[in-house]
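Undergrad: Sequences are here, hints too, so could you generate the full structure?
Note that the protein sequences, when read in sequence, are chains B and Z. Numbering follows the numbering used here, in which position 144 of the first sequence is assigned residue number 144; successive positions increment by one, without gaps. Numbering follows the numbering used here, in which position 19 of the second sequence is assigned residue number 195; successive positions increment by one, without gaps.
Hints were generated in silico from the structure; no laboratory data involved. Here a beta-carbon is modelled for each residue, glycine too, at the ideal position from N, C-alpha and C. Keep in mind that a hint or two might mislead.
[Unchecked claim] Example chain B residues on the side facing chain Z (calculated, C-beta under 7 angstroms, incomplete): (1) T59; (2) A72; (3) F118; (4) L135; (5) D142; (6) S144; (7) Y145; (8) A164; (9) L167; (10) R168.
[Claimed, not checked] Cross-link-like lysine to any residue pairs, in silico, SDA-like; alpha carbons within 25 angstroms at most: (11) B:K41 - Z:L196; (12) B:K46 - Z:A195; (13) B:K41 - Z:D272; (14) B:K41 - Z:R201; (15) B:K41 - Z:A200; (16) B:K169 - Z:A200; (17) B:K169 - Z:M177; (18) B:K169 - Z:A203; (19) B:K169 - Z:L196; (20) B:K169 - Z:E184; (21) B:K67 - B:S32; (22) B:K169 - Z:A193; (23) B:K67 - B:V120; (24) B:K41 - B:Q14; (25) B:K46 - B:F118; (26) B:K41 - B:R75; (27) B:K169 - Z:R270; (28) B:K169 - Z:P204; (29) B:K67 - B:Q14; (30) B:K169 - Z:D272; (31) B:K169 - B:D88; (32) B:K169 - B:A119; (33) B:K169 - Z:H237; (34) B:K41 - Z:P204; (35) B:K41 - B:Q55; (36) B:K41 - Z:A197; (37) B:K67 - Z:A197; (38) B:K41 - B:K169; (39) B:K169 - Z:A197; (40) B:K41 - Z:Q199.
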Amino acid sequence: MSSLEALTDAELVQRCRAGDPEAWNTLVERFSRYVYAICVKGFRLKEEDAEDVFQDVFTRVYTHLDKLRDDAAVRPWIAQLTRRLCLDAIARGSREQPALEHDVEESSDDFAEIDEAFAVREAVTTLGDACQEILDRFFAQDQSYRTISAELEIPAGTIASRIARCLRKLREELES
Amino acid sequence: MVARGSKEWDDAGGIAAQALALQARAAPLAHADAEAWEDALGALRDAGAGGGDDGAPRRDHVLERKLERAAVVPLEIAALGADIAALAAVAGERCDGAYRADAAAAAALAAGGARAAAHLVEVNLGVQEGDERLAEARRSEQAADEAAERLLAAIR
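TA: Here is the structure:
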């Protein structure tokens, strides 16, 4: 992990404001999946429309970062910006898709899921490497206990308990 | 249910989360297994209809690929059965006593599923004795059996 990746959102915004180009790269990297997920899962934009919105979002973040009042609130600010630009993109294409309002309303639950997923993802990064590794293998890569046991060289009979302990830590982290 | 019902167990939530993840893996496998088997059966019939001069069914690459697919899915089911039995065993050892028999029943069912899936790998025409896939399926079957037996023995 680079030193920039370890910065809080607020610290990263401050470095961006100071004109650090590496900080900008890190900011884009940190929020790119989030923005893309809102476009594709939240608003179900087509890939080319999502890419346009993605470019537009980060261009506006770059040019309007000074207007952000609370540096720690950069994520909700980016989310709001992304949603507005997604609506603009849909409005541009609404002549072809008149069911716009209904579609957007239906997908509103997805926003909460996206936010929750990213909150969990961030919390996972605060756990130790061992927990990150075992949770990733089981929940993201769908590996079996035996595969995890063989690859991490830990007894197969202890895997489920280890995962459960890591999940307890994760819950504590999220609740704190 | 076993983990969720065990209020005094700190890691119950983590066990329940794993159970849900395993459940999510199982549903598409059941569908894939039926589909792969139907597909292989169709290919076997086609090969039989177009048999060689000696009357023996024609084995071609398409058939072999379909047979292989028909073996891969039960292999995954067997591994999943071993995982479910292992998780049920952990739950049964730590849960509230009122739920222990339910955990044992889950482990026994998972072991039965692993055994059935291993058998499907064994009888697949594309799998020969000594094949690593068969060995893997049997390891899963054995692991599931051992987990279920351990739990059943503990509560008898």
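Undergrad: With reference to the structure, classify each hint as holding or not holding.
TA: How the hints compare with the structure:
{"no.": "1", "hint": "T59", "in the structure": "violated (39 angstroms)"}
{"no.": "2", "hint": "A72", "in the structure": "violated (29 angstroms)"}
{"no.": "3", "hint": "F118", "in the structure": "violated (18 angstroms)"}
{"no.": "4", "hint": "L135", "in the structure": "violated (10 angstroms)"}
{"no.": "5", "hint": "D142", "in the structure": "holds (6 angstroms)"}
{"no.": "6", "hint": "S144", "in the structure": "holds (5 angstroms)"}
{"no.": "7", "hint": "Y145", "in the structure": "holds (5 angstroms)"}
{"no.": "8", "hint": "A164", "in the structure": "holds (3 angstroms)"}
{"no.": "9", "hint": "L167", "in the structure": "holds (4 angstroms)"}
{"no.": "10", "hint": "R168", "in the structure": "holds (6 angstroms)"}
{"no.": "11", "hint": "B:K41 - Z:L196", "in the structure": "holds (23 angstroms)"}
{"no.": "12", "hint": "B:K46 - Z:A195", "in the structure": "violated (35 angstroms)"}
{"no.": "13", "hint": "B:K41 - Z:D272", "in the structure": "violated (40 angstroms)"}
{"no.": "14", "hint": "B:K41 - Z:R201", "in the structure": "holds (22 angstroms)"}
{"no.": "15", "hint": "B:K41 - Z:A200", "in the structure": "holds (20 angstroms)"}
{"no.": "16", "hint": "B:K169 - Z:A200", "in the structure": "holds (23 angstroms)"}
{"no.": "17", "hint": "B:K169 - Z:M177", "in the structure": "holds (22 angstroms)"}
{"no.": "18", "hint": "B:K169 - Z:A203", "in the structure": "violated (29 angstroms)"}
{"no.": "19", "hint": "B:K169 - Z:L196", "in the structure": "holds (19 angstroms)"}
{"no.": "20", "hint": "B:K169 - Z:E184", "in the structure": "holds (17 angstroms)"}
{"no.": "21", "hint": "B:K67 - B:S32", "in the structure": "holds (20 angstroms)"}
{"no.": "22", "hint": "B:K169 - Z:A193", "in the structure": "holds (14 angstroms)"}
{"no.": "23", "hint": "B:K67 - B:V120", "in the structure": "violated (28 angstroms)"}
{"no.": "24", "hint": "B:K41 - B:Q14", "in the structure": "violated (30 angstroms)"}
{"no.": "25", "hint": "B:K46 - B:F118", "in the structure": "holds (22 angstroms)"}
{"no.": "26", "hint": "B:K41 - B:R75", "in the structure": "holds (17 angstroms)"}
{"no.": "27", "hint": "B:K169 - Z:R270", "in the structure": "holds (19 angstroms)"}
{"no.": "28", "hint": "B:K169 - Z:P204", "in the structure": "violated (30 angstroms)"}
{"no.": "29", "hint": "B:K67 - B:Q14", "in the structure": "holds (13 angstroms)"}
{"no.": "30", "hint": "B:K169 - Z:D272", "in the structure": "holds (22 angstroms)"}
{"no.": "31", "hint": "B:K169 - B:D88", "in the structure": "violated (41 angstroms)"}
{"no.": "32", "hint": "B:K169 - B:A119", "in the structure": "holds (14 angstroms)"}
{"no.": "33", "hint": "B:K169 - Z:H237", "in the structure": "violated (50 angstroms)"}
{"no.": "34", "hint": "B:K41 - Z:P204", "in the structure": "holds (22 angstroms)"}
{"no.": "35", "hint": "B:K41 - B:Q55", "in the structure": "holds (17 angstroms)"}
{"no.": "36", "hint": "B:K41 - Z:A197", "in the structure": "holds (21 angstroms)"}
{"no.": "37", "hint": "B:K67 - Z:A197", "in the structure": "violated (43 angstroms)"}
{"no.": "38", "hint": "B:K41 - B:K169", "in the structure": "violated (29 angstroms)"}
{"no.": "39", "hint": "B:K169 - Z:A197", "in the structure": "holds (18 angstroms)"}
{"no.": "40", "hint": "B:K41 - Z:Q199", "in the structure": "holds (24 angstroms)"}
Hint compliance for this structure: hints 1, 2, 3, 4, 12, 13, 18, 23, 24, 28, 31, 33, 37, 38 are broken, all remaining hints hold.
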